[in-house]
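**Student:** Residue numbers for the sequence shown follow this note's numbering, beginning at 1 and rising by one.
Hints are not guaranteed to be accurate.
Taking CB as the label site, the calculated pair distances span [what the hints assert, rightly or not]:
no., residue 1, residue 2, range
1, G99, T57, 29 to 39 Å
2, A55, G127, 30 to 40 Å
3, P130, D102, 12 to 22 Å
4, G129, A62, 25 to 35 Å
5, H116, P75, 12 to 22 Å
6, G129, T104, 18 to 28 Å
7, T135, N97, 14 to 24 Å
8, I123, A84, 27 to 37 Å
9, A55, I123, 30 to 40 Å
10, H116, G74, 17 to 27 Å
11, A56, P130, 25 to 35 Å
12, H116, E91, 10 to 20 Å
13, S108, D49, 13 to 23 Å
Honestly, the hints are just simulated from the structure, not real lab data.
Each residue gets a CB set at the ideal place from its N, CA and C atoms; glycine is no exception.
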Amino acid sequence: MRRFAPWVVIVVACGQKPSGPTPDAYCNDERNGVCCDGLGCDWAAGPLDVTVLDAATQQPVAGQPAFSTALVAGPIPVACTSTAMPCPSWEIAYGVNIGPQDVTVTVSGYAPSTFHVVMLGPIGCCGAGPTVTATVALTH
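Taking the hints into account, I'd like the entire structure generated from these sequences.
**Tutor:** Structure below.
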């Protein structure tokens, strides 16, 4: 009696571009001609690390800054990247979109300041882009 090993063949169509006049409407992102939609992963801008200094002293400002952009409604969550106090650098891990944008920082007792950044996405379809850094000097 012969025994046959059961074989299961799974064909996965991964990264194929949809056909039609507007394939980009179906893609979340396109990298090197590969449509990333439907790959079961997420992609986003990398973190933004912002050093917030007093312009006169070049020392970290006291108090927690608030960050905002025209592209994101509401306050953007931040976390201190150091155990030093006052905190010299703040990380925005999410809430900033991929692409060029202006970010406004406000701290009590200082005039608001706006700076321009270009947030990058991941090199491939999945994950987050590289960390972008900026330094802002606030005036009273």
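**Student:** Does each hint fit the structure? Answer for all of them.
**Tutor:** Structure-based check of each hint:
1. G99 <-> T57: 29 to 39 Å: holds, 34 Å
2. A55 <-> G127: 30 to 40 Å: Given a distance of about 36 Å, which is inside 30 to 40 Å, the answer is holds.
3. P130 <-> D102: 12 to 22 Å: Given about 20 Å between the Cβ atoms, the range holds.
4. G129 <-> A62: 25 to 35 Å: With Cβ atoms ~31 Å apart, the hint holds.
5. H116 <-> P75: 12 to 22 Å: holds, 20 Å
6. G129 <-> T104: 18 to 28 Å: With a Cβ separation near 21 Å, G129 and T104 satisfy 18 to 28 Å, so the hint holds.
7. T135 <-> N97: 14 to 24 Å: Since T135 and N97 have Cβ atoms about 21 Å apart, the given range 14 to 24 Å holds.
8. I123 <-> A84: 27 to 37 Å: holds, 32 Å
9. A55 <-> I123: 30 to 40 Å: holds, 36 Å
10. H116 <-> G74: 17 to 27 Å: holds, 21 Å
11. A56 <-> P130: 25 to 35 Å: holds, 32 Å
12. H116 <-> E91: 10 to 20 Å: Since the Cβ atoms of H116 and E91 sit about 19 Å apart, the hinted range of 10 to 20 Å holds.
13. S108 <-> D49: 13 to 23 Å: holds, 22 Å
Every hint, counting from the list given before, is met by this structure.
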